[in-house]
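Position chain R relative to chain V; hints supplied.
Number of protein chains: 2
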Amino acid sequence: MNNFNFNNPTELLFGKGKVKKVGKKVKEYGSKVLVVTGGGSVKRIGLYDKVIASLEENNLEIYELSGIEPNPRVSSVRDGVKLCKENDIDLVLAVGGGSTIDASKAIAGAVFYDGDAWDLFAKGIIIEKALPVGTILTLAATGSEMNPNFVVSNLETEEKMGAGSPLLYPKFSILDPVNTFTVPKEHTVYGIIDIAAHVFEQYFSHTESTPIQDRWAEGILVTLKEESMKVLANPEDYNARANIMLAGTMALNGLISIGKETDWASHGIEHAVSAVYDIPHGGGLAIIFPNWMKYVLDQGTDKFVQYSTRVWDVDPTGKSDKEVALEGIEKTREWFNKMGAPSSLADYDIGNDKLEVMAEKATAKGTRGSYKVLDKDDVVEIYKMSL
Amino acid sequence: MNNFNFNNPTELLFGKGKVKKVGKKVKEYGSKVLVVTGGGSVKRIGLYDKVIASLEENNLEIYELSGIEPNPRVSSVRDGVKLCKENDIDLVLAVGGGSTIDASKAIAGAVFYDGDAWDLFAKGIIIEKALPVGTILTLAATGSEMNPNFVVSNLETEEKMGAGSPLLYPKFSILDPVNTFTVPKEHTVYGIIDIAAHVFEQYFSHTESTPIQDRWAEGILVTLKEESMKVLANPEDYNARANIMLAGTMALNGLISIGKETDWASHGIEHAVSAVYDIPHGGGLAIIFPNWMKYVLDQGTDKFVQYSTRVWDVDPTGKSDKEVALEGIEKTREWFNKMGAPSSLADYDIGNDKLEVMAEKATAKGTRGSYKVLDKDDVVEIYKMSL
Chain V
1 MNNFNFNNPT ELLFGKGKVK KVGKKVKEYG SKVLVVTGGG SVKRIGLYDK
51 VIASLEENNL EIYELSGIEP NPRVSSVRDG VKLCKENDID LVLAVGGGST
101 IDASKAIAGA VFYDGDAWDL FAKGIIIEKA LPVGTILTLA ATGSEMNPNF
151 VVSNLETEEK MGAGSPLLYP KFSILDPVNT FTVPKEHTVY GIIDIAAHVF
201 EQYFSHTEST PIQDRWAEGI LVTLKEESMK VLANPEDYNA RANIMLAGTM
251 ALNGLISIGK ETDWASHGIE HAVSAVYDIP HGGGLAIIFP NWMKYVLDQG
301 TDKFVQYSTR VWDVDPTGKS DKEVALEGIE KTREWFNKMG APSSLADYDI
351 GNDKLEVMAE KATAKGTRGS YKVLDKDDVV EIYKMSL
Chain R
1 MNNFNFNNPT ELLFGKGKVK KVGKKVKEYG SKVLVVTGGG SVKRIGLYDK
51 VIASLEENNL EIYELSGIEP NPRVSSVRDG VKLCKENDID LVLAVGGGST
101 IDASKAIAGA VFYDGDAWDL FAKGIIIEKA LPVGTILTLA ATGSEMNPNF
151 VVSNLETEEK MGAGSPLLYP KFSILDPVNT FTVPKEHTVY GIIDIAAHVF
201 EQYFSHTEST PIQDRWAEGI LVTLKEESMK VLANPEDYNA RANIMLAGTM
251 ALNGLISIGK ETDWASHGIE HAVSAVYDIP HGGGLAIIFP NWMKYVLDQG
301 TDKFVQYSTR VWDVDPTGKS DKEVALEGIE KTREWFNKMG APSSLADYDI
351 GNDKLEVMAE KATAKGTRGS YKVLDKDDVV EIYKMSL
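Chains as they are written, first to last, in UniProt numbering: chain V, 1 to 387; chain R, 1 to 387.
Pulled out of the complex, with its shape left as it was, chain V reads as follows:
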């Protein structure tokens, strides 16, 4: 195991009816709250009314920023910063999915910075002071509800960049699985694939002797495998929604990567695809990840054998390590397909004409990954496998 530091101060309030607590939690941080929302689903499911009622019960002064985009834009962040400054906001409350939470973190992190909000990304400005952020999660996917990171897009510069600060761990996150009952099938599936992909990026690693981290990662994956079928059969299966929601949070709150080298190549390789073709991130990951697995397999089959046998119950009897590994990878693909996710770029009508452009984009800042260090040519190969 490698040396590590770990500190995650986010408070989780998890379960049915927990939204009622929001007013009391916000009040711990002051009297003026900026409520940040996305496209309107929080109103359709009645969540918005419950949030406002709890805030009003606690005599909080409510300001609002709605319409945060699926890939949150820095222009929205600027709007939020303006609202915070003008109204002396005490806490930013995100009500929505990962994008709404990410935008809220960016707002909270940019309020006390004198320059433009985009500098936090483009110039990598260290955030010295931030407003507290609270969240009410409505989609199991990004894990942003319990980590200090956020991603924002800039349409003018055509860039999508990430930033982070220990100051931006949400102070509290309210996770009521009921709020995910109405998430459409497609977004439920892409959320599950995103969660699985987060686990993969941390699981496949050359760091030796990390049995707890490995088994915890496998525990999340097996849970996703089993609960995904239940939630697709019955979108209002409370326990299935709860277990997937918890999986999303635990997959990216820093726990399963303690003391390990991680990879994150597939995320970068996919981002280049969705940047050029505007396909859903979860759909892109479903296509790319199994091919990444096959491509990096020559760097060590042990971890893949472990994956195949423990997560997919592959029987290794009479098979070579490589055969066992490939069987697990195949089962991963089958699972994605069973959930309705695509298996090749062709499913999105993407041909081979921009592979170089995407690979260039994916490796613009240098090589990708660590399980196998990938250069531009490697990325092109993975795209070719994905056609």
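No wet-lab data here; the hints were simulated from the structure. It cannot be assumed that every hint is accurate.
Any copy, or any two copies together, can satisfy a pair, since identical chains are not distinguished.
[Unchecked claim] The list that follows gives simulated cross-link-like pairs (lysine-lysine, PhoX-like), each with its CA atoms no further than 25 Å apart:
hint : residue 1 : residue 2
1    : LYS171    : LYS25
2    : LYS319    : LYS331
3    : LYS303    : LYS230
4    : LYS372    : LYS361
5    : LYS225    : LYS303
6    : LYS225    : LYS129
7    : LYS85     : LYS27
Positioned in the frame of chain V, the structure of chain R alone reads:
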């Protein structure tokens, strides 16, 4: 899954050489530190000198309280409180095992209370304000390094009582596995059994649909099973020591019990034994726990079948659920014995003359446990099974 709240703000600094960071960490909280130590092993292994060097490097004013007992006494806590008050201490730094950490928490929690420190336990006084606590762990066992609880004994009243406060999560805990290399075999084993017992108390539960919590608990248990053999073969196996240390911390930091009913009967049943006969807690648990398992089995074999098959790889083919469950329980006992732990009270020369007295003590505050609710007669039965 049940509703839950979770919040654990302790920062972990884990790995070889992390002790060097202590001065810098303490300095974040002030300039005057009370260093609390136990019986002298921290000096023998050279850890004490490293700690003092780092504190001095950071120009900290150092005060000391040494000689904390294996079952820390309230008299030591009172001494610590006095030192803190007289010298206007900013942070209490525990350097040692669970007892030293528990005493340090009690000191930090009692400093701002006007009455006697024992009131925190006997009167259940709510701690409104506390000094920050930091820890440097030297024994993998209690998990006190990442939770807000502590247990203290009062020789005058012959009581051993626990207390806790969210204010007393250690601000930071430094875990260097090297500091556990010289822990004697017996204490290493009892620590491992204590950790496993903590997991059992949270794992065996009637709460339905907690797959992540279950698999994480099983991950810790399998890790203990595997790494215990390595560390007994080679006490200086860094990775084995590291994995056991991490297991101890993760077993009792609140994570594996989120959303679950827990039990804790066996701990109460054992405490009564070690209170009357002064045997080691870990040794008592090794005797009691497998018998508790057998005794509660009639309340539901499913969880035990899961335990047997996932943790002990019991092959269920052609066996009844009860047979599978009993095989896993037997393997638990065999593991404890293989590590050198006792299997019956007779191993400590304890006969049947005080079973009633102990059972009375164990149930003085009412029934015990939840997997099966145990009254005094049930506890007597478990003691009889343990003779």
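Hint check:
1. In this assembly of identical chains, the alpha carbons of LYS171 and LYS25 lie at most 25 Å apart whether taken from the same copy (9 Å) or from different copies (22 Å).
2. Taking the shortest alpha-carbon separations for LYS319 and LYS331, only the intra-copy value of 16 Å comes in at or below 25 Å, while the best inter-copy value is 30 Å.
3. With identical chains, the CA atoms of LYS303 and LYS230 are at most 25 Å apart between copies only, with a shortest distance of 21 Å across copies and 28 Å within one.
4. Within a single copy, LYS372 and LYS361 get their C-alpha atoms as close as 19 Å, which meets the 25 Å cut-off; across copies the closest is 60 Å, which misses it.
5. When the C-alpha separation of LYS225 and LYS303 is checked against a cutoff of 25 Å, the pair qualifies both within a copy, at 19 Å, and between copies, at 20 Å.
6. Neither within a single protomer nor between protomers do LYS225 and LYS129 lie at most 25 Å apart by alpha-carbon distance, with minima of 40 Å and 45 Å respectively.
7. Proximity of LYS85 and LYS27 under a CA criterion of 25 Å is satisfied intra-copy only: 19 Å inside one chain copy versus 33 Å between copies.
In terms of the numbered hints stated before, the structure departs from hint 6 and from no other.
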